[in-house]
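Student: Here is what each chain is made of, one letter per residue.
Number of protein chains: 2
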Amino acid sequence: MIASEEGDFPPSCKTHGDFGIGTFDRLDGEMLALDGNYYQIKTDGIAYPVSGNMTTPFATVTHFEADENFRVEKPMNLTELEQYLDRNLPSENLFYAIKVDGNFTYLKARSAPKQGKPYRKLAYAVSNQTVFEFENISGTLAGFRTPDYVNGINVPGYHLHFITANRSAGGHVLELELENGTAALDTTSAFFMELPTSGNFSKVELGQDLKAEMETVEK
Amino acid sequence: MIASEEGDFPPSCKTHGDFGIGTFDRLDGEMLALDGNYYQIKTDGIAYPVSGNMTTPFATVTHFEADENFRVEKPMNLTELEQYLDRNLPSENLFYAIKVDGNFTYLKARSAPKQGKPYRKLAYAVSNQTVFEFENISGTLAGFRTPDYVNGINVPGYHLHFITANRSAGGHVLELELENGTAALDTTSAFFMELPTSGNFSKVELGQDLKAEMETVEK
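Note that the protein sequences, when read in sequence, are chains A and B.
Residue numbers for the first sequence follow the numbering used here, so the first one is 1 and each next one is one higher.
Residue numbers for the second sequence follow the numbering used here, so the first one is 1 and each next one is one higher.
If you are wondering where the hints come from, they were derived from the structure by calculation, not from laboratory data.
Any given hint could be a false lead.
Copies of the same chain look alike in the list, so a pair counts if it works inside one copy or between any two.
[Claimed, not checked] Taking lysine-lysine and the DSBU-like style, the derived pairs with C-alpha atoms no more than 30 Å apart in a straight line are:
#: 1; residue 1: K42; residue 2: K99
#: 2; residue 1: K99; residue 2: K203
#: 3; residue 1: K42; residue 2: K121
#: 4; residue 1: K203; residue 2: K121
#: 5; residue 1: K74; residue 2: K203
All chains should be built: construct the whole structure from the sequences, respecting the hints.
Tutor: Here it is, written out as structure tokens:
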């Protein structure tokens, strides 16, 4: 779901899902929703509860219901985890919400800093990100795998955020070493996109290749 | 909306809209829906009412409610009509359902022939299309303008089908000379995509650039 910059975030987003990821107005941190609780992970790495008047320019959420659960018994890094999940997908052409509860020997996450006008391209904005490293931490990965053909409307492939087991810290996942855990997949065959009808969205140039830009910034 | 190859077409499609375009199983003709009536325009150029047990692999429909109406007073061809509509769009980043009731001095349309296994790529399938030419005909254009960024999930730009005023014939529009008429735009800020959960969809390779292929076949 993509909500309006001026949209009322909690009712709209929470209506659409209890689980998901995104960002906040002016790219102010990483959004993570889990079990109906929405968190804002700012550049200090701390997960703040989302207040009632916050809004989002971009978020993807769902009502999470696990269709399949997998036990991860052996250590794997982010690439290996993605390959492991890929092997267990019913189809590469559907959407998946992914939740991994696990113990991580290492995890690197980032948060993006709040932007001001004039707004720059995402690649520039994220170049000023703050990076955090965790060691021997328990927590949850939350995110989505979207098919290649949604290139222009979402992030193709895996997009995962992390929050610690005590829900105090986290960020957008850059690297990880998962020791063991449980992966849950929610296979999703419908996609609903809600676009802003106010603000600057109507005038912004969106024709460029989002995938290419994402490949720059989502690593 | 993209419905399942095995989905039940009329309830599902008709639930989602009273207006739209698409095709039928095995690419068997052009679909056009207007005022809640669904038509199948086969390669004989004739518009047949859609029966209750037909299904569609791809259709885009909406509940049409005109937000803006324009009077077309001077003659224009398809390119000029698209440019005229472009100048009247609130934003290039939203979706538009478009209905044009008009008098056409000329209109060229096509219909695609029913395919058999093994299924070929769309460009090949449409290379065997049948083309019809109309002169001095009244009728309705129905279709959509979708933003560039939906490249992978729909046809970017304008995609229009035609049906005659007496609802007897039509097709996918290739060229036209509009003498005069009325254009209605339904500005649409939400997009719902429903993917097949059965049939061959789960295995087919969809990673290629749909826009490039569409540029080949939608001209």
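Student: Determine for every hint whether it applies to the structure shown.
Tutor: Do the hints match the structure? See the list:
| no. | hint | result |
| --- | --- | --- |
| 1 | K42 to K99 | within (21 Å within a copy, 47 Å between copies) |
| 2 | K99 to K203 | between (36 Å within a copy, 24 Å between copies) |
| 3 | K42 to K121 | within (20 Å within a copy, 47 Å between copies) |
| 4 | K203 to K121 | within (15 Å within a copy, 35 Å between copies) |
| 5 | K74 to K203 | between (49 Å within a copy, 29 Å between copies) |
The structure agrees with every numbered hint stated previously.
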